[in-house]
Amino acid sequence: MMSQKIEVKLNKDLGFFDITMIGIAGMIGAGVFALTGIAAGISGPALIIAFFFNGLIATITALAYAELGSSMPQAGGGYVWIKESFPQSAGFIAGWIDWFAHSVACALYAVTFGAFVAVILEGYMPFILVSKVSSFLAVTLFAYVNYIGVKESGKVGGIITLTKVVILLVFTIFGVYRTFSNPEWVLRFTPFMPNGMQGVLAAMGLTYIAFEGYEIIVQSGEEVKNPEKNIPRAVLVSLWVATLIYILVAVSVLGGIDSDRPSWMYLGELGELGLIKTAGSIMPFGFAILLFAGLVSTTSAMNATIYSSSRVAFAMARDSFLPRALSEIDVRRRTPRNSIFFSYIIISAMTLSLPIEAVAASANIMFILLFVMVNLTLILMRYKAPNLNRPFKVPFVPYLPIVAVILQFVIGYFMISMLEHGFLALAVSVLWIVLGIVIYSSYSKEKVKEAIKEEIKTVFEEGHLEERPYRILVAYANPAIGKMLLEFSDFIAKAKNGEIKVMNVVKLPEQTPLKAGMKLVREQIEEIDELLRIPSSPAKGVIKVAHSVSDAIISEAAEYKANLVVLGWRGRTFRRDFVFGSTIDPVLLKAPCDVIVTRPEPGFNIKKVERVLIPTAGGPHVRFALQLVKDLMQISKFDVSLCFVGKNESELRKGKAVIEACRKESGIDADEILKLSDDPIKGIAEIARNYDMMFVGASDEPFFKNFIKGMFVEKLVKETNKTVVMVRKKIKVYDIIRRLF
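Here the sequence shown is numbered in the numbering used here, starting from 116 and rising by one per residue.
Take the hints with a grain of salt, since some may be wrong.
Claimed, not checked - With a straight-line cut-off of 25 Å between C-alpha atoms, the simulated SDA-like cross-links for lysine to any residue are:
# : residue 1 : residue 2
1 : Lys340    : Phe132
2 : Lys837    : Glu602
3 : Lys568    : Glu674
4 : Lys340    : Leu351
Said to hold, decoys possible - Beta-carbon label-pair distances, calculated as ranges:
#  : residue 1 : residue 2 : range
5  : Pro241    : Phe407    : 20 to 28 Å
6  : Tyr514    : Asn297    : 37 to 45 Å
7  : Ala542    : Trp300    : 35 to 43 Å
8  : Ser557    : Phe131    : 46 to 54 Å
9  : Ile243    : Ser296    : 36 to 44 Å
10 : Asn612    : Met312    : 54 to 62 Å
11 : Phe132    : Ser556    : 44 to 52 Å
12 : Met312    : Leu767    : 41 to 49 Å
13 : Arg376    : Tyr514    : 40 to 48 Å
14 : Ser396    : Pro202    : 54 to 62 Å
15 : Pro717    : Arg768    : 35 to 43 Å
16 : Ala542    : Ser296    : 42 to 50 Å
17 : Arg726    : Pro202    : 34 to 42 Å
Source of the hints: derived by calculation from the structure; they are not laboratory data.
Predicted model only: the values in this text are computed from it and were never measured.
By construction, the Cβ of each residue, glycine as well, lies at the ideal position given by its N, Cα and C atoms.
Construct the complete structure from the given sequences, taking the supplied hints into account.
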């Protein structure tokens with residue numbers, strides 16, 4: 116018993132400097148070495164602003180990663196967040212794209228490595244042959260390294276990062292000096308945009324992969340000291356250190372080389388070798404030093420991306436999206452051998468079959484799609500779970516992430532349309548996504564259902580339902596609270612011509628087989644027998660044995676096609692990473708229907724309710740609360756009051772307008788209460804003393820941010836002993852779009 120109370124955590128030993136260096140290591144890699152020359156040939160000297168604008172766009176997505184990572188710390192990245200927030204099919208596509216994105220990124224680093232090796236042997240052996248053979252051998256070597264489980268140590272990784280940064284900084288010092296020591300340096304940047312703004316946008320799309328890597332900071336969140344402050348700061352600092360270095364590199368190569376034709380044109384002709392081959396004319400031993408840095412960067416990046424791509428495939432197989440064979444672990448080496456092998460096949464195919472420009476474009480298309488989905492997840496989560504604990508919040512949501520989504524599509528479009536191999540990259544990307552859709556439709560969809568059934572077992576079912584139009588699922592743990600929930604739910608069922616299914620879940624440890632739960636349900640059967648006597652509406656009872664209570668509730672709600680899930684809450688949680696608790700939070704987030712969470716006062720009886728209070732600031736959740744109260748008033752007459760607590764007269768005026776709109780929309784003849792208070796939560800609690808019951812609809816209206824700040828409902832419950840009902844309306848993407856436009 117005691118072991119179940121022990122919480123296992125990683126030691127928080129990473130400070131601001133540590134995670135900033137982790138972020139810089141993730142970003143400053145092979146991308147800047149391989150793509151600077153190609154991008155300069157597309158955009159001209161405007162490569163400088165292409166890097167700057169990419170930094171701005173990446174900042175928005177990076178902040179989205181910071182918010183989602185801080186509010187869902189158990190998640191490991193974009194794939195998991197999307198899977199938790201969107202329908203199952205979107206989760207699969209996100210993982211499928213993530214797998215390909217990291218695999219193609221590895222192919223880009225391999226092709227770049229091959230080009231760097233080939234330039235050493237240039238004049239002795241055919242360039243293309245050496246490039247392709249060395250790329251393939253490098254991928255094979257690092258796939259084997261990942262299979263046997265040899266990892267780059269933190270100290271070695273730090274040395275490599277520091278080496279790359281120092282070499283690039285020294286290079287830029289020489290380059291900037293050579294540029295501005297030339298009296299006619301301006302001529303080297305003229306014309307600034309030889310291919311117009313579309314050339315800049317295409318270069319932005321091509322080099323966008325060089326700004327990918329900051330998510331590693333977010334994934335380290337559990338080990339970070341003071342993560343609420345340090346993670347967002349580290350994301351921004353590392354991103355803009357990398358951006359500044361990229362800009363200085365662009366200035367150096369564009370202004371520091373001597374050529375009989377425009378430097379940007381010369382760099383474009385050199386392609387992926389542009390930075391390496393021009394370094395010798397900028398600094399002493401520049402060719403050898405930059406070549407060394409490029410080889411070190413590409414080998415380190417290959418090792419890391421083979422690791423990350425294989426782990427995405429492993430995670431998808433573990434989630435039953437891909438065959439279980441991909442989640443098998445080598446017994447001796449403790450590595451996912453099959454996931455590594457299939458990632459190796461994808462990487463090798465891309466390395467050998469496509470030119471570097473097409474490989475880079477394919478990687479960028481995949482990462483752009485993934486980042487778009489992450490930005491959309493941020494927007495959806497703000498509406499779907501407004502009470503989620505968010506240590507860090509992105510400002511101006513949904514407008515800022517919408518801007519990021521639009522701009523990422525724009526740079527992707529111009530990259531595809533202007534690059535020589537852009538449409539080839541698009542064709543490869545579309546083919547991969549279509550293949551994923553086929554696999555999901557023909558295999559993954561059913562396998563996920565089978566996996567859920569394996570984790571949840573029905574051991575008792577009693578009663579008969581009449582297939583009424585409104586279905587209520589009542590899940591309880593404590594029979595005393597279960598009685599109050601049933602009485603409350605019966606009122607709702609009567610008002611909506613509905614039926615009730617009462618559910619209890621017996622939770623077993625992960626290692627315990629579900630059949631062992633058969634011996635533990637006798638007491639629950641007696642409880643459900645008693646509870647089924649309470650409602651006058653048609654009712655049925657079910658007991659399930661599962662390893663996760665929340666998963667069992669969500670699965671039952673989907674299978675039952677419930678319109679409403681009703682849960683009880685004790686009014687507190689003992690973990691900082693949950694608002695309502697480890698069972699309720701996931702249900703609020705992922706239930707396929709509306710949800711009510713009730714904290715009943717001792718002895719609560721819905722039949723004795725005479726006065727109901729609804730704090731309001733508008734929004735879909737409050738509208739749902741008003742509709743629910745209106746339905747209940749058909750069964751029992753009670754007085755309703757709408758209240759707003761503000762800190763000043765300006766807020767009260769806005770609150771008054773919201774209350775008027777709520778009354779008009781709901782048709783409820785409700786009283787209006789406006790109250791000035793420096794502490795809105797205590798202000799509401801004072802008003803609630805004169806009421807029997809309070810409905811709280813979560814809201815995220817901008818002017819209401821001081822009212823609903825942090826874990827609003829939890830704080831409010833602590834201030835009042837009245838029954839509090841928190842309602843969450845199931846938000847659909849259509850609802851969000853309609854609200855925005």
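### Query
Does 42 to 50 Å hold as the CB distance between Ala542 and Ser296, or does it fail?
The hint (42 to 50 Å, Cβ to Cβ) holds, given that Ala542 and Ser296 are roughly 47 Å apart.
#### Entry: Verdict for Pro241, Phe407 (Cβ pair) under range 20 to 28 Å
holds, 24 Å
### Query
Cβ-Cβ distance between Asn612 and Met312: within 54 to 62 Å?
holds, 60 Å
### Task
Compare the distance between the alpha carbons of Lys837 and Glu602 with 25 Å, and conclude whether the hinted pair is satisfied.
holds, 17 Å
### Message
Taking 36 to 44 Å as the stated bounds, is the beta-carbon spacing between Ile243 and Ser296 within them?
### Response
holds, 39 Å
### Task
Starting from the range 54 to 62 Å, see whether the pair Ser396 and Pro202 falls in it by beta-carbon distance.
holds, 55 Å
#### Entry: Pairwise hint evaluation, Leu351 against Lys340, where the allowed Cα distance is 25 Å at most
holds, 17 Å
### Query
Does the structure keep Lys340 and Phe132 at a Cα separation of 25 Å or less?
holds, 11 Å
### Task
Starting from the range 35 to 43 Å, see whether the pair Ala542 and Trp300 falls in it by beta-carbon distance.
About 42 Å separates the Cβ atoms of Ala542 and Trp300, which means 35 to 43 Å holds.
### Task
Please test the hint of 41 to 49 Å on the beta carbon pair from Met312 and Leu767.
Holds, at about 48 Å.
### Query
Should the hint that Phe132 and Ser556 are 44 to 52 Å apart at their CB atoms be regarded as holding?
holds, 48 Å
### Query
Taking the beta carbons of Pro717 and Arg768, is their distance inside 35 to 43 Å?
holds, 39 Å
Checked against the numbered hints given earlier, this structure breaks none of them.
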